[in-house]
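Protein chains in written order, with numbering that gives the first Met the number 0: chain A, 0 to 331; chain B, 0 to 331; chain C, 0 to 331.
Think of the hints as simulated: they come from the structure by calculation, not from any bench. Hints are not guaranteed to be accurate.
Note that the list lumps identical chains together, so a pair holds whenever it fits in one copy or between two copies.
[As the list claims (entries may be wrong)] Lysine-lysine pairs mimicking DSSO-like chemistry, simulated, CA-CA at most 27 Å apart: (1) K82 / K54; (2) K31 / K54; (3) K191 / K61; (4) K61 / K293; (5) K191 / K31; (6) K306 / K54; (7) K306 / K293; (8) K61 / K306; (9) K124 / K293; (10) K82 / K306; (11) K124 / K31; (12) K82 / K293; (13) K82 / K191; (14) K124 / K306; (15) K54 / K293; (16) K31 / K306; (17) K124 / K54; (18) K31 / K61; (19) K124 / K61.
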Amino acid sequence: MTDITVAAIADMVGGRLVGDGSRAIRGLGDLKTGGADRIGFVRDRRYVALAETTKLGAVLSKSELRTPASLIVVPNVDVAYAKIALTFHPTPRASAHTIHPTAVVDPRAEIGSPVQIGPHAVIGKCTLGAGTVVMSGVSIGDGAVLGRDCVLYPNVVVYHGVQIGDRVIVQAGSVIGSDGFGYARDGTSWIKVPQLGTVRIAEDVEIGAGCTVDRGTLTDTRIGARTKIDNLCHVAHNCVLGVDVVMAANSGVAGSTTIGDRCVIGGSTGISGHLSIGADVRFGGGSVVLRDVKEAGDYMGHPLMEKRLFLRLLREQRRLVEGRDDGGDRDE
Amino acid sequence: MTDITVAAIADMVGGRLVGDGSRAIRGLGDLKTGGADRIGFVRDRRYVALAETTKLGAVLSKSELRTPASLIVVPNVDVAYAKIALTFHPTPRASAHTIHPTAVVDPRAEIGSPVQIGPHAVIGKCTLGAGTVVMSGVSIGDGAVLGRDCVLYPNVVVYHGVQIGDRVIVQAGSVIGSDGFGYARDGTSWIKVPQLGTVRIAEDVEIGAGCTVDRGTLTDTRIGARTKIDNLCHVAHNCVLGVDVVMAANSGVAGSTTIGDRCVIGGSTGISGHLSIGADVRFGGGSVVLRDVKEAGDYMGHPLMEKRLFLRLLREQRRLVEGRDDGGDRDE
Amino acid sequence: MTDITVAAIADMVGGRLVGDGSRAIRGLGDLKTGGADRIGFVRDRRYVALAETTKLGAVLSKSELRTPASLIVVPNVDVAYAKIALTFHPTPRASAHTIHPTAVVDPRAEIGSPVQIGPHAVIGKCTLGAGTVVMSGVSIGDGAVLGRDCVLYPNVVVYHGVQIGDRVIVQAGSVIGSDGFGYARDGTSWIKVPQLGTVRIAEDVEIGAGCTVDRGTLTDTRIGARTKIDNLCHVAHNCVLGVDVVMAANSGVAGSTTIGDRCVIGGSTGISGHLSIGADVRFGGGSVVLRDVKEAGDYMGHPLMEKRLFLRLLREQRRLVEGRDDGGDRDE
Numbered sequence: 000m001t002d003i004t005v006a007a008i009a010d011m012v013g014g015r016l017v018g019d020g021s022r023a024i025r026g027l028g029d030l031k032t033g034g035a036d037r038i039g040f041v042r043d044r045r046y047v048a049l050a051e052t053t054k055l056g057a058v059l060s061k062s063e064l065r066t067p068a069s070l071i072v073v074p075n076v077d078v079a080y081a082k083i084a085l086t087f088h089p090t091p092r093a094s095a096h097t098i099h100p101t102a103v104v105d106p107r108a109e110i111g112s113p114v115q116i117g118p119h120a121v122i123g124k125c126t127l128g129a130g131t132v133v134m135s136g137v138s139i140g141d142g143a144v145l146g147r148d149c150v151l152y153p154n155v156v157v158y159h160g161v162q163i164g165d166r167v168i169v170q171a172g173s174v175i176g177s178d179g180f181g182y183a184r185d186g187t188s189w190i191k192v193p194q195l196g197t198v199r200i201a202e203d204v205e206i207g208a209g210c211t212v213d214r215g216t217l218t219d220t221r222i223g224a225r226t227k228i229d230n231l232c233h234v235a236h237n238c239v240l241g242v243d244v245v246m247a248a249n250s251g252v253a254g255s256t257t258i259g260d261r262c263v264i265g266g267s268t269g270i271s272g273h274l275s276i277g278a279d280v281r282f283g284g285g286s287v288v289l290r291d292v293k294e295a296g297d298y299m300g301h302p303l304m305e306k307r308l309f310l311r312l313l314r315e316q317r318r319l320v321e322g323r324d325d326g327g328d329r330d331e
Numbered sequence: 000m001t002d003i004t005v006a007a008i009a010d011m012v013g014g015r016l017v018g019d020g021s022r023a024i025r026g027l028g029d030l031k032t033g034g035a036d037r038i039g040f041v042r043d044r045r046y047v048a049l050a051e052t053t054k055l056g057a058v059l060s061k062s063e064l065r066t067p068a069s070l071i072v073v074p075n076v077d078v079a080y081a082k083i084a085l086t087f088h089p090t091p092r093a094s095a096h097t098i099h100p101t102a103v104v105d106p107r108a109e110i111g112s113p114v115q116i117g118p119h120a121v122i123g124k125c126t127l128g129a130g131t132v133v134m135s136g137v138s139i140g141d142g143a144v145l146g147r148d149c150v151l152y153p154n155v156v157v158y159h160g161v162q163i164g165d166r167v168i169v170q171a172g173s174v175i176g177s178d179g180f181g182y183a184r185d186g187t188s189w190i191k192v193p194q195l196g197t198v199r200i201a202e203d204v205e206i207g208a209g210c211t212v213d214r215g216t217l218t219d220t221r222i223g224a225r226t227k228i229d230n231l232c233h234v235a236h237n238c239v240l241g242v243d244v245v246m247a248a249n250s251g252v253a254g255s256t257t258i259g260d261r262c263v264i265g266g267s268t269g270i271s272g273h274l275s276i277g278a279d280v281r282f283g284g285g286s287v288v289l290r291d292v293k294e295a296g297d298y299m300g301h302p303l304m305e306k307r308l309f310l311r312l313l314r315e316q317r318r319l320v321e322g323r324d325d326g327g328d329r330d331e
Numbered sequence: 000m001t002d003i004t005v006a007a008i009a010d011m012v013g014g015r016l017v018g019d020g021s022r023a024i025r026g027l028g029d030l031k032t033g034g035a036d037r038i039g040f041v042r043d044r045r046y047v048a049l050a051e052t053t054k055l056g057a058v059l060s061k062s063e064l065r066t067p068a069s070l071i072v073v074p075n076v077d078v079a080y081a082k083i084a085l086t087f088h089p090t091p092r093a094s095a096h097t098i099h100p101t102a103v104v105d106p107r108a109e110i111g112s113p114v115q116i117g118p119h120a121v122i123g124k125c126t127l128g129a130g131t132v133v134m135s136g137v138s139i140g141d142g143a144v145l146g147r148d149c150v151l152y153p154n155v156v157v158y159h160g161v162q163i164g165d166r167v168i169v170q171a172g173s174v175i176g177s178d179g180f181g182y183a184r185d186g187t188s189w190i191k192v193p194q195l196g197t198v199r200i201a202e203d204v205e206i207g208a209g210c211t212v213d214r215g216t217l218t219d220t221r222i223g224a225r226t227k228i229d230n231l232c233h234v235a236h237n238c239v240l241g242v243d244v245v246m247a248a249n250s251g252v253a254g255s256t257t258i259g260d261r262c263v264i265g266g267s268t269g270i271s272g273h274l275s276i277g278a279d280v281r282f283g284g285g286s287v288v289l290r291d292v293k294e295a296g297d298y299m300g301h302p303l304m305e306k307r308l309f310l311r312l313l314r315e316q317r318r319l320v321e322g323r324d325d326g327g328d329r330d331e
């Protein structure tokens with residue numbers, strides 16, 4: 000069980016300490032129910048009253064307030080919360096070197112130490128960095144390279160040759176490096192085009208559960224540092240995603256499309272192939288993107304429009320249909 | 000092989016028996032080809048003629064009709080069919096207690112009897128109710144609790160702490176309890192927010208193949224009793240789905256959204272986060288839901304509209320484009 | 000390492016050889032960097048200059064050009080490229096008969112020779128054709144039949160009774176034969192309808208990663224020869240897909256819908272149930288198909304329209320909203 004003083008927490012989150020810094024904190028707590036060894040959070044004014052009577056040992060807040068708890072004032076409560084929560088509930092990391100006897104590990108694999116390899120994992124002639132956790136039923140192909148402190152949850156599949164950076168997390172059941180959807184049209188049918196590239200995932204990327212990232216045709220599919228991909232997302236062959244991209248669930252990017260840095264892709268969004276999406280573009284949920292988008296900003300809809308135009312279209316359409324509320328529905 | 004009399008079947012489905020109830024029925028049959036130990040169904044008038052000459056031992060119908068078969072008259076043929084079909088083709092259930100020697104089972108797991116655990120399953124320090132079937136390659140984390148008579152098809156992943164009620168069915172490859180998509184924005188990048196809640200699935204829920212249900216951030220993601228979720232669906236962290244909800248394939252519900260009882264979500268529907276959808280709301284296929292929907296009824300489209308307004312919009316748009324069928328497409 | 004003369008390659012692709020046919024080619028190469036034992040490609044005029052100075056042993060082109068390399072002139076460079084690439088990078092195929100000791104194989108299974116079965120695979124009382132490769136963690140149910148030279152990538156699940164033809168490829172994590180989404184409405188709740196059909200997949204089909212194909216209710220779900228399905232696609236129970244269909248990622252077809260031969264389904268497309276889609280219909284990405292489509296041609300959008308009408312609608316909508324660029328957005 001981690002045990003850390005309020006002063007140390009204040010340092011860690013770059014906060015200003017008000018009150019006793021020597022108290023020992025052992026975990027997260029709720030303003031109402033938490034005890035003296037817990038830290039809680041005041042996210043907005045509604046919780047100020049609770050802070051005044053809390054039994055928590057420490058409280059995090061954006062501004063000063065009256066409380067018996069030690070107070071840590073921070074500019075961004077969410078970020079401070081995330082950092083503190085990660086301290087008490089860290090991402091899995093291999094401490095002892097443990098390879099389950101049922102795991103099948105190629106003797107030629109280059110495995111750092113410590114790593115943790117779970118039951119029934121199948122590890123090819125690959126490279127695993129120290130600290131990496133490979134859970135049960137994971138399959139890693141020959142020539143794959145995983146960095147340090149990665150986590151592959153159960154039943155993840157990493158194909159041959161895939162390159163994964165440090166601290167990458169892949170949730171259960173995701174598939175990295177499957178063949179891209181490439182066929183040459185031969186009359187009315189299709190001939191498979193071997194997919195000879197691979198997938199390169201930079202450091203600190205997280206990929207959700209049930210995702211698929213295809214290997215490239217000749218070049219590589221690439222995902223930039225710190226990019227976060229939600230569940231059931233698809234990244235097609237030859238795509239290049241920038242850094243700090245956020246892609247919400249049930250979204251797909253078709254082949255050879257480039258997504259700029261810091262783009263935010265809303266859920267259930269489909270992005271067509273061979274497109275160029277600039278940096279800092281944000282797509283609302285359910286967008287269908289069939290054209291390049293160069294300018295940063297907010298876009299929505301199918302057809303895709305600048306958000307403010309889309310919202311205006313909605314109003315126009317409502318006027319159109321509500322203004323005609325006659326018997327015109329007989330033919331429905 | 001099950002063997003049951005027509006009279007017993009009539010009792011089971013609350014039907015009215017006409018004719019010989021003593022005949023032994025051993026399975027389902029077709030009006031044209033089925034024999035004397037089979038039961039068939041007259042779903043509409045088109046099949047009445049066939050019923051008159053059928054060799055089936057028994058026939059199910061909404062109304063009386065002439066047939067050499069024993070007749071069972073029921074108000075709802077589909078429901079009666081489902082109940083009879085389940086009798087002859089029951090959902091898998093552990094009868095003998097069988098744990099495959101290649102399964103890896105934590106000795107601290109609390110396992111009811113009988114249960115059936117398949118090859119290469121990995122069972123943490125969890126609780127499994129009697130009658131439950133865990134098929135090959137399934138992974139169940141520490142602290143998970145499964146009720147009685149559940150079925151987990153091959154390669155399902157249940158994360159630590161997930162709570163699953165009685166008679167829950169999860170089709171192959173689905174993931175229950177993966178980390179929610181939670182990050183705190185820190186300047187231009189994102190810090191992972193540990194997902195400390197879990198997933199609670201009530202009794203008689205069925206989850207299709209390739210689905211993902213994320214664990215909650217602080218509270219739990221919840222799915223109500225008897226709710227049915229189709230393949231490749233995503234339920235995000237902190238969502239609360241009501242009872243008897245039906246969610247068709249390729250649909251997703253973003254974080255912290257509440258779905259009321261008996262909602263019907265058409266396929267390929269995307270529902271945004273932090274929304275409240277009332278009871279008995281029905282979304283047509285391909286809907287994009289970006290706002291609360293309080294009133295029961297039918298809704299469609301992107302933007303979402305009441306179904307009748309959406310259908311009117313379709314007509315208006317068709318008039319608009321077809322009424323302008325000039326050379327205006329040169330610039331295409 | 001394959002080693003093949005330029006003349007033999009020209010024969011294989013039905014191309015016209017210009018220059019020395021005796022050179023030995025060992026792989027694919029780039030016009031800039033490739034050596035004398037490599038073959039490269041001139042896809043368009045931009046590469047003609049490079050061809051004049053290349054060190055490649057052979058070059059493929061649609062028309063004659065000046066080059067020190069042996070030249071193979073072909074009508075379709077993409078098709079020729081695919082065939083040559085497959086020669087040097089063939090789809091996995093069992094050569095030696097190897098069943099990994101950790102695989103669990105039902106002694107009653109009928110297994111051709113040679114087959115390759117990976118670690119932790121679970122093979123029921125099924126039939127596997129010679130040449131077939133079953134990778135790690137794959138589960139195949141009783142009564143399933145796989146043809147010759149199939150490839151099942153890691154963690155694929157094939158349910159009982161599924162029929163798969165020769166040379167079918169299934170990428171990692173896909174599920175074939177899961178229960179269809181069938182329930183009978185009983186008042187406000189739902190009773191499971193047993194899914195008694197199976198899935199029949201014809202020869203030369205490829206199914207991407209993370210897909211689901213449900214078994215039929217009474218009849219079978221069918222996928223026609225040479226059809227290609229991308230990642231995270233769903234094919235529901237009782238669907239019948241024709242031959243040479245192409246279905247791009249994140250798409251779904253609901254129950255009992257028929258898709259004609261040579262249809263092309265763009266990404267993130269949702270197709271409703273009980274529909275009939277004719278041959279040679281093409282849906283643009285993000286289409287929502289709620290009605291039958293009999294006529295061949297291009298369709299897009301939600302609502303679905305002929306492509307040219309949809310593009311006109313886009314222009315009309317843009318005019319509508321841009322022509323009203325007043326203060327009307329205050330209420331946003």
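Hint-by-hint comparison with the structure:
no.: 1; hint: K82 / K54; verdict: within (22 Å within a copy, 56 Å between copies)
no.: 2; hint: K31 / K54; verdict: within (8 Å within a copy, 71 Å between copies)
no.: 3; hint: K191 / K61; verdict: between (57 Å within a copy, 20 Å between copies)
no.: 4; hint: K61 / K293; verdict: neither (36 Å within a copy, 34 Å between copies)
no.: 5; hint: K191 / K31; verdict: between (61 Å within a copy, 25 Å between copies)
no.: 6; hint: K306 / K54; verdict: neither (46 Å within a copy, 52 Å between copies)
no.: 7; hint: K306 / K293; verdict: both (15 Å within a copy, 24 Å between copies)
no.: 8; hint: K61 / K306; verdict: neither (31 Å within a copy, 45 Å between copies)
no.: 9; hint: K124 / K293; verdict: neither (42 Å within a copy, 52 Å between copies)
no.: 10; hint: K82 / K306; verdict: neither (33 Å within a copy, 46 Å between copies)
no.: 11; hint: K124 / K31; verdict: neither (53 Å within a copy, 31 Å between copies)
no.: 12; hint: K82 / K293; verdict: neither (34 Å within a copy, 37 Å between copies)
no.: 13; hint: K82 / K191; verdict: between (47 Å within a copy, 8 Å between copies)
no.: 14; hint: K124 / K306; verdict: neither (49 Å within a copy, 49 Å between copies)
no.: 15; hint: K54 / K293; verdict: neither (52 Å within a copy, 39 Å between copies)
no.: 16; hint: K31 / K306; verdict: neither (41 Å within a copy, 45 Å between copies)
no.: 17; hint: K124 / K54; verdict: neither (54 Å within a copy, 34 Å between copies)
no.: 18; hint: K31 / K61; verdict: within (19 Å within a copy, 59 Å between copies)
no.: 19; hint: K124 / K61; verdict: neither (50 Å within a copy, 41 Å between copies)
Violated hints, listed in ascending order, are 4, 6, 8, 9, 10, 11, 12, 14, 15, 16, 17, 19; each of the other numbered hints is respected by the structure.
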